[in-house]
Amino acid sequence: MKHQLFQNAKYVLGIGGLFVGLIMYGITLAVELGAVDITMSTMWLVFTVILASLGLLIGRIISILHHWAYRDFLTDTWNRKYFSTRIKAELKDKEKNGNDLCLALIDMDDFKKINDCYGHDFGDKAIRKVADVLKANIRATDSIVRIGGDEFVIIFSQTDLACAKLIAERIRKTVAEECEYVTVSVGVIEVGEAARTTDLIQEMDHMLYHAKKMKNSVTTMVMEA
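Counting along the sequence shown from 1, when you hit position 125 you're at 125 in this note's numbering, and nothing is skipped either side.
Certain hints may be false.
Claimed, not checked - In the EDC-like style, the derived pairs of lysine to aspartate or glutamate whose C-alpha atoms are separated by at most 16 Å in a straight line are:
id : residue 1 : residue 2
1  : Lys125    : Asp150
2  : Lys81     : Glu151
3  : Lys165    : Asp142
4  : Lys94     : Asp160
5  : Lys112    : Glu180
6  : Lys88     : Glu169
7  : Lys125    : Glu180
What the hints assert, rightly or not - DEER-style ranges, computed between Cβ atoms:
id : residue 1 : residue 2 : range
8  : Leu22     : Gln158    : 45 to 55 Å
9  : Thr42     : Ala140    : 43 to 53 Å
10 : Asn8      : Leu56     : 29 to 39 Å
If you are wondering where the hints come from, they were derived from the structure by calculation, not from laboratory data. Remember, it's a predicted structure, so these values are computed and weren't measured experimentally. Think of the CB as a built atom: it goes at the ideal place given N, C-alpha and C, for glycine as much as any other residue.
With the hints as constraints, model all of the structure from the sequences given.
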């Protein structure tokens, strides 16, 4: 349904406009022919109500399209585009208010082998299952982003390293217990002052590299100011 709305948005809006136009034309014609006994002021009031209703509908569709422009369709988590926007806001807030900020990069261990052995459909189900575990184990203030393939980022807003590590360990343990054939490695980083987005990705990749040496593990680091 979400894919279809994106693909057919112009047709939905076009048909909606055509439908409203035909209704308005029909009412006008009926008034001119005397089939409907209403005044012009009443007719324009009806038109206003119709156009207002159409405006609300179009607004709702635009809102849905905007929302899903930042969502990942497979997992219903945020996507990389959202990450770029959100992390800039978080870094700006950290610089202004000095809030704690942590990020966790989560990668499924040996995911290629899972795809090779059990097929891509199983791989997609495994990714969705891991995403479900992430959703169930974060707080309302945290955000999950699928940045590509089998990799996710959790943005821990206003959170110190100890708390972020605790959540990451809980996620790692739950995935190992509940996800068939799947474990995850997690690199957690406490963001330093004056950090840039590219710096964050590089540092998380560095942490994840060390975590994946052992697999099914969590590695942490405090980023230098």
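Pairwise beta carbon distance, Asn8 to Leu56, judged against the given window 29 to 39 Å
violated (20 Å)
Indicate whether the distance between the beta carbons of Thr42 and Ala140 respects the range 43 to 53 Å.
holds (49 Å)
Would the hint linking Lys81 and Glu151 be met if the CA-CA limit is 16 Å?
Holds, at about 14 Å.
Do the alpha carbons of Lys165 and Asp142 lie within 16 Å of each other, as the hint requires?
holds (13 Å)
Starting from Lys125, check that the Cα of Asp150 is at most 16 Å away, please.
Distance ~11 Å between Lys125 and Asp150 Cα, so the pair holds.
Hey, Lys112 versus Glu180, does the alpha-carbon distance stay inside 16 Å?
At roughly 15 Å apart (the allowed maximum being 16 Å), Glu180 and Lys112 satisfy the hint.
Against the 16 Å threshold, does the CA-CA distance of Lys125 and Glu180 hold or violate the hint?
Distance ~10 Å between Lys125 and Glu180 Cα, so the pair holds.
Leu22 paired with Gln158, Cβ distance criterion 45 to 55 Å
Since Leu22 and Gln158 have Cβ atoms about 53 Å apart, the given range 45 to 55 Å holds.
Straight-line alpha-carbon gap Lys94 to Asp160, limit 16 Å:
Holds: Lys94 and Asp160 sit about 12 Å apart, inside 16 Å.
Next pair to validate is Lys88 with Glu169; report whether the Cα-Cα distance is within 16 Å.
Violated - the C-alpha atoms of Glu169 and Lys88 are around 26 Å apart, more than 16 Å.
Checked against the numbered hints given earlier, this structure breaks hints 6, 10; the rest are met.
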